[in-house]
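Take these sequences, add in the hints, and give me the full structure.
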Amino acid sequence: GISRAAPTTLRMLPLLVEVQRLAPLLASSSGSDDACDDGDDDDDANATAYLIVAYVRKYYAAFAATLEMALELRAVVVLIDGVDEASGRKEQVEEYVLRTLVPMGVRVVMTSRPNGVRLEALPEYYQRQFVVFDLKPLDDAQRLRLAKAQLNEDDEFVANLLQFGRIRAGHDDLYRRARDNGPAARS
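Letter 40 of the sequence shown, counting from 1, is numbered 40 in this note's numbering, and no numbers are missing.
Hints are computed from structural coordinates only; laboratory data are not their basis. Even for Gly, the Cβ is constructed at its ideal location relative to N, Cα and C. Where hints are given, some of them may not hold.
As the list claims (entries may be wrong) - In the DSS-like style, the derived pairs of lysine-lysine whose C-alpha atoms are separated by at most 30 Å in a straight line are:
hint	residue 1	residue 2
1	136	148
2	90	136
3	90	58
Unchecked claim - Cβ pair distances, simulated, as ranges:
hint	residue 1	residue 2	range
4	79	120	18 to 26 Å
5	50	180	23 to 31 Å
6	79	180	33 to 41 Å
7	145	69	34 to 42 Å
8	88	162	30 to 38 Å
9	50	137	37 to 45 Å
10	16	182	43 to 51 Å
11	175	118	23 to 31 Å
12	172	69	46 to 54 Å
13	160	103	44 to 52 Å
14	178	132	34 to 42 Å
Here it is as structure tokens:
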């Protein structure tokens with residue numbers, strides 16, 4: 001049967017936050033903060049902290065009450081996906097995560113290409129607060145499975161797409177070798 005004993009830990013809920021959707025909310029928030037800066041840092045901090053709730057209400061309206069309660073209980077793992085995809089707002093997204101969400105006690109997972117976060121510029125945050133993983137590149141078989149799953153296309157289309165990628169990589173390698181050897185090596 002079902003156990004009636006009180007749980008000893010809270011179950012965590014995942015919350016996917018797509019940076020491409022978060023960045024405009026950050027932009028509108030920073031614009032309003034500048035326009036009505038009354039010097040009250042507590043109001044600014046509350047407005048900034050409210051962004052995650054605004055995101056939940058906008059993109060997860062059907063589950064907003066549950067997610068807001070989970071956020072309040074710190075029973076959420078927020079997946080900030082694609083920090084490097086924030087165009088001119090990468091640093092603002094990073095600052096929001098490091099200076100607002102993490103100090104609030106929110107558990108965070110961030111995904112980015114290596115150039116999307118400033119590990120060297122902000123070591124006080126990343127070395128103490130995060131575990132950084134570098135993922136290995138996918139091999140051809142893994143890329144093929146991923147492409148088939150995402151594209152829902154036939155084998156021939158996906159195989160041609162992957163072959164194009166291999167040809168392109170070969171051309172890039174030829175270019176690098178020609179560039180590195182200089183004009184004297186080509187004559």
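### Message
Flag every earlier hint the structure violates by its number, smallest first.
### Response
5
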